[in-house]
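Engineer: Residues per chain are reported as follows:
There are 2 protein chains.
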Amino acid sequence: MSQSPLNRAQIEQLVRQSLARVVGPSANGPSQSQGPNPLVVNISARHCHLSQESVETLFGKGHTLTPKKDLYMDGQYAAQESVTLIGPRSRIISNLRILGPCRDFDQVELASTDAISLGFKIPTRNSGDIEGTPGCMLMGPAGFLKMDKGVIRAAPHVHMHPDDAAYYGVENKTFMKLRVGGDLGVTFDRIFVRVDPSFKLEVHIDTDEGNACGFTQQTPCELIK
Amino acid sequence: MSQSPLNRAQIEQLVRQSLARVVGPSANGPSQSQGPNPLVVNISARHCHLSQESVETLFGKGHTLTPKKDLYMDGQYAAQESVTLIGPRSRIISNLRILGPCRDFDQVELASTDAISLGFKIPTRNSGDIEGTPGCMLMGPAGFLKMDKGVIRAAPHVHMHPDDAAYYGVENKTFMKLRVGGDLGVTFDRIFVRVDPSFKLEVHIDTDEGNACGFTQQTPCELIK
Chain A
-3 MSQSPLNRAQ
7 IEQLVRQSLA
17 RVVGPSANGP
27 SQSQGPNPLV
37 VNISARHCHL
47 SQESVETLFG
57 KGHTLTPKKD
67 LYMDGQYAAQ
77 ESVTLIGPRS
87 RIISNLRILG
97 PCRDFDQVEL
107 ASTDAISLGF
117 KIPTRNSGDI
127 EGTPGCMLMG
137 PAGFLKMDKG
147 VIRAAPHVHM
157 HPDDAAYYGV
167 ENKTFMKLRV
177 GGDLGVTFDR
187 IFVRVDPSFK
197 LEVHIDTDEG
207 NACGFTQQTP
217 CELIK
Chain B
-3 MSQSPLNRAQ
7 IEQLVRQSLA
17 RVVGPSANGP
27 SQSQGPNPLV
37 VNISARHCHL
47 SQESVETLFG
57 KGHTLTPKKD
67 LYMDGQYAAQ
77 ESVTLIGPRS
87 RIISNLRILG
97 PCRDFDQVEL
107 ASTDAISLGF
117 KIPTRNSGDI
127 EGTPGCMLMG
137 PAGFLKMDKG
147 VIRAAPHVHM
157 HPDDAAYYGV
167 ENKTFMKLRV
177 GGDLGVTFDR
187 IFVRVDPSFK
197 LEVHIDTDEG
207 NACGFTQQTP
217 CELIK
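Heads up: the sequence lines are chains A and B, in that order. Just so you know, we're using the numbering used here here: the first sequence kicks off at -3 and counts up by one. Just so you know, we're using the numbering used here here: the second sequence kicks off at -3 and counts up by one.
Don't read these hints as lab results, they were simulated from the structure. Predicted model, so just to flag it, every value in this text is computed and none were measured. Incorrect hints may appear among the rest.
[Stated by the list, open to error] Derived, one-sided and incomplete: chain B residues facing chain A with beta-carbon distance under 8 Å:
1. Thr120
2. Asp179
3. Val182
4. Asp204
5. Glu205
6. Ala208
7. Gly210
Even for Gly, the Cβ is constructed at its ideal location relative to N, Cα and C.
Bound conformation, chain A alone:
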């Protein structure tokens, strides 16, 4: 897996910050953070996390995921492998991306729009909190995987280092706000805060949330308590 020193989002953030210093923050938008780390906001398209055992069920004995693209969070990647999701009414979503590395549980993260198109209701949960959630069937080239639970809409959240938490004055497992500027400006009032020394400062919203505010990597964003 290739590791470039700066990924595209980081470079764009640096360019924006340089521009903001020269021309001032954009007229419509909130100002850029002066915090210890650049604020990166990324839209998570629908995806799944799988255990190694489930990968082998779907792709064959001994199969391991092949990284295709590094994510912003160190060590995380989009795999070359994808699966077909079969919903409760036999409607399907093709090419559901697998994110690696493997975890010790199976979880599918969809936007509400995806769930509606599949014809079922899914709860909003934090990643890993999957007790009592609906299941689904996954199909891979080597077989089917019946998930009894684990289909969720991921609550919007921010990953951050303890230094960021100190800067913003927030604690792990609390909520803060993300103000998104532009013509379709929206403030997400309930961004769940996850603090860990291994985390880079990154907000994850889903495609519905991103579409609602017309988010692009040029849209000014601000985290506020």
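Given the structure of chain A, go ahead and fit chain B onto it with the hints provided.
Structural biologist: Relative to the frame of chain A, chain B by itself:
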């Protein structure tokens, strides 16, 4: 077309207000408005407005729309008739609802998710402001209609009577905010204000915006300047 004295949204609003008086406003949500009129928020699913001439092109000479369901705004209705939208890459959306009565122009209102699934980009506009927007093809049982322009994402907006504008302290063609409570609380910071003596107080957001905040008719909402 039947006209009940109170529609479902109004009844639910009255029930919520009565409950709020008895049990207090819900814990997570903003308080209910004390304004001159109940605040109604409705999600606009994708739809189109057509001229009478276009209705006849699609459904046959002399055809007029048949109202199926009254909308909250007096005189507006969802028609029984729907059309098939054919996008620029020959991808389609079936059963695109027509809203009546006819207007003097053709306009298709999609959510961003719809536009992405069709494979094209559409601008965010206020209704009627369609110069320079993409077109599409519509298909009905009697023929095709080539629209050279008119496919938009409608900007989130609120209709209100001058009494409401006075209460909220806002003017026509300005912006105000809609705070949506609940676990996925979101504040829409740019709700376009449209004031007219014929308007009832009603916010229109699209399906992406509604999904982003998990909106239901039970979700507490508040308009703020």
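Engineer: Looking back at the numbered hints, which does the structure fail to meet, lowest number first?
Structural biologist: none
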